[in-house]
Amino acid sequence: MNTRILEEAIERAALEAITRSVIYIPPDVKEALKRIYSEEESESSRSQIGAILRNIELAERMKRPVCQDTGILLYYVRVGYEFPSIKIIEKSLVNAAKVATKTIPLRPNTVNPLTGRNPGDNTGRYMPYINIEFIDGDILEFTVVPKGGGSEYVSVLYMPPPGEGVKAIKRAVVDAVLRAGPMPCPPTIVGVGIGGGADIALHIAKKAACLRRLGSPNPAPELDKLERELYVALNELGIGAMGVGGRFTVLAVHIDYAYRHPAILPIGIVFQCWAVRRATAVVEPNGSYKVFQ
Amino acid sequence: MTVFHLRTPLQVEDVRKLRVSDVIYLSGIIVTARDAAHRRMIEHLRNGRPIPVDLNGGVIYHCGPVVERVDNEWIVISGGPTTSARMELYEADIIRHFGVRLIIGKGGMGAKTAQACREFGAIYATFTGGAGVLAANAIRRVVKAEWLDLGIPEALWILEVENFGPLLVTIDTTGRNLTEEVIEMAKNRRDEILKKLEAI
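Chains A and B supply the protein sequences, listed in that same order.
Just so you know, we're using numbering that gives the first Met the number 0 here: the first sequence kicks off at 0 and counts up by one.
Just so you know, we're using numbering that gives the first Met the number 0 here: the second sequence kicks off at 0 and counts up by one.
If we strip away everything but chain A, and leave its shape as in the complex, we get (with noise of 0.2 Å):
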């Protein structure tokens, strides 16, 4: 398999994927939000989520990017070990960001966080991020995540006394929520990331907030307990659609977590708006690829 071959395809399945993700809300979520809006009574945030749900159709049809904040680009990899090269991965992710700001075209976002210098194509020191792990087999898989800005905003990291054990997350799951009020353009699905780290913590809350889809139960009975719960006592502060008030202000809280050291418990949280940007692509080491959400 001749290298170059291989490198446009991931630049192609890496432009397929961001094309796809800021134009089409994932399946789960567009299900998620006609379900609200059947159910909401309070007519205010009924208003926000039929405008919601209208834009999304839009979209589509215009295809258009959904919401004009296209986010910073996030990858997160899968590479098997038996993947036929390695080295050309990242690059081809690169190059895919920066034509897709062009041809899509995607607002550009990245800029210094001293100077506020702006490249215009969506790059710059560690951007796009790309997060890479090992799986077994042949096959590399990514999912682009465009993050936006309102909603990484509010993001927050807790430290409490390890001692406080279960109620130190509810509650600062809760707190997170009514601190955020309208800005993370609620419904949003809210990630929590518990243990490792402080670092730790907020990557698997961002990686479950993102990519996880709605729906799917948590693997751990006891933490798809507390999602459960969570979920009615974080719709019961009645912030509802955009901060309007009304029953739903999450669609979902999504919870992963860590080991940790025994002298902290790390408590990341991080926010997904709404319009979730997410695309997967699988590409085979022959070159064939496919984009799904």
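These are computed hints drawn from the structure, not numbers from a lab.
The beta carbon of each residue, even a glycine, is placed where N, CA and C say it ideally should be.
Do not rely on the hints blindly, as some may be mistaken.
[Claimed, not checked] Calculated lysine-lysine pairs in the BS3-like style (CA-CA distance at most 27 Å, straight line): (1) B:194 with A:166; (2) A:101 with B:143; (3) B:143 with A:62; (4) A:224 with A:29; (5) A:289 with A:29; (6) A:166 with A:33; (7) A:166 with B:195; (8) A:224 with B:143; (9) A:206 with A:86; (10) A:101 with A:86; (11) B:143 with A:166; (12) B:194 with A:224; (13) B:186 with A:224; (14) A:289 with A:206; (15) A:224 with A:206.
[Said to hold, decoys possible] A few chain B residues that face chain A, going by a derived Cβ cut-off under 8 Å, partial list only: (16) 82; (17) 105; (18) 109; (19) 144.
[As the list claims (entries may be wrong)] Partial selection, computed: residues in chain B whose CB lies under 7 Å from chain A: (20) 78; (21) 128; (22) 131; (23) 185; (24) 192; (25) 196.
Starting from the known structure of chain A, arrange chain B on it as the hints suggest.
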């Protein structure tokens, strides 16, 4: 909840009729302005210099659009609202001095803006966050762009819109501020919710 179809320029009597939770579909001219444009408007005001748009009876939209230039014409591709809270610093003065009647954004605004709305006859309405295509679809044309030196998202985009909405009134001229009321209520429920969760 009453639905109103309004056309710019807005009269003070028009907006004084509106109440929290009413819905507006707006036609006419709106002007986008974000942080940098607000800052410059205030500077011009202090220095006694005119601004390049007439905001009397006008509408400010907190938005940094994605635009494309096709055959010498600007087209708004996507134009949902940005978080209004950042403009809290300036908005009361803008309402007071330029005669703005309607502010559109997302997430609501604070007490200073609500006070100016009551005193001078203006309202704040939420347009659904993230609904960029829905907004762009209501824009008939870009009339003009001013202060382009601030960059595309921060410039003043003067837009002709038709049936732009739904715009949900969350600050009216009676002093009500729906978003603040909702958050206040949520805060009051916090302890009871935590008790049920056995977290306190």
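Each hint tested on the structure:
Our distance criterion of 27 Å between C-alpha atoms is met by residue 194 of chain B and residue 166 of chain A, whose separation comes to about 10 Å. For the hint pairing residue 101 of chain A with residue 143 of chain B, the CA-to-CA distance comes to about 24 Å; that is within 27 Å, so the pair holds. Note on residue 143 of chain B and residue 62 of chain A: the hinted pairing holds, with a Cα-Cα distance of about 26 Å set against a maximum of 27 Å. Distance hint between residue 224 of chain A and residue 29 of chain A is fulfilled; the C-alpha atoms sit about 24 Å from each other, no more than 27 Å.
For the given pair, residue 289 of chain A sits about 22 Å from residue 29 of chain A by alpha-carbon distance, which is consistent with the 27 Å threshold. About 33 Å separates the Cα atoms of residue 166 of chain A and residue 33 of chain A, which puts this hinted pair outside 27 Å; it is violated. Distance restraint check for residue 166 of chain A and residue 195 of chain B: the Cα-Cα separation of roughly 11 Å lies within the 27 Å cut-off, and the hinted pair is therefore satisfied. Only pairs whose Cα atoms come within 27 Å are accepted, and residue 224 of chain A paired with residue 143 of chain B is rejected, the gap being roughly 55 Å.
For the proposed pair residue 206 of chain A and residue 86 of chain A, the alpha carbon gap of about 24 Å is at most 27 Å, so the pair holds. For the suggested pair residue 101 of chain A and residue 86 of chain A, the alpha carbons sit about 25 Å apart, so the restraint of at most 27 Å is met. For the suggested pair residue 143 of chain B and residue 166 of chain A, the alpha carbons sit about 55 Å apart, so the restraint of at most 27 Å is broken. Distance hint between residue 194 of chain B and residue 224 of chain A is fulfilled; the C-alpha atoms sit about 17 Å from each other, no more than 27 Å.
Of the supplied pair hints, the one linking residue 186 of chain B and residue 224 of chain A holds, its CA atoms being roughly 25 Å apart against a limit of 27 Å. Straight-line distance between C-alpha atoms of residue 289 of chain A and residue 206 of chain A comes to about 22 Å, which keeps the hinted pair within the 27 Å bound. With a C-alpha separation of about 19 Å, the suggested pairing of residue 224 of chain A with residue 206 of chain A holds against the 27 Å cut-off. Annotation: interface hint on residue 82 of chain B holds; nearest CB of chain A at approximately 6 Å, less than 8 Å.
The interface hint given for residue 105 of chain B is met, as the beta carbon of that residue sits about 6 Å from the closest beta carbon of chain A, less than 8 Å. Interface restraint check for residue 109 of chain B: the shortest CB-CB distance to chain A comes to about 12 Å, outside 8 Å, so the restraint is violated. A cut of 8 Å between beta carbons decides the hint on residue 144 of chain B: the least distance to chain A is about 16 Å, and the hint is violated. At its closest, the beta carbon of residue 78 of chain B sits 6 Å from a beta carbon of chain A; the interface hint therefore holds under the 7 Å criterion.
Proximity of residue 128 of chain B to chain A holds as hinted, the smallest CB-CB distance being about 4 Å (cut-off 7 Å). Residue-level restraint check for residue 131 of chain B holds (minimum Cβ-Cβ distance to chain A is 4 Å; threshold 7 Å). Checking residue 185 of chain B against chain A: minimum C-beta separation of about 4 Å stays under 7 Å; hint holds. For residue 192 of chain B, the shortest C-beta to C-beta distance to chain A is roughly 5 Å, which falls under 7 Å, so the interface hint holds.
Using the Cβ-Cβ criterion of 7 Å, the hint placing residue 196 of chain B at the interface with chain A is satisfied: the shortest such distance is roughly 5 Å.
In this structure, the hints that do not hold are numbers 6, 8, 11, 18 and 19, in rising order.
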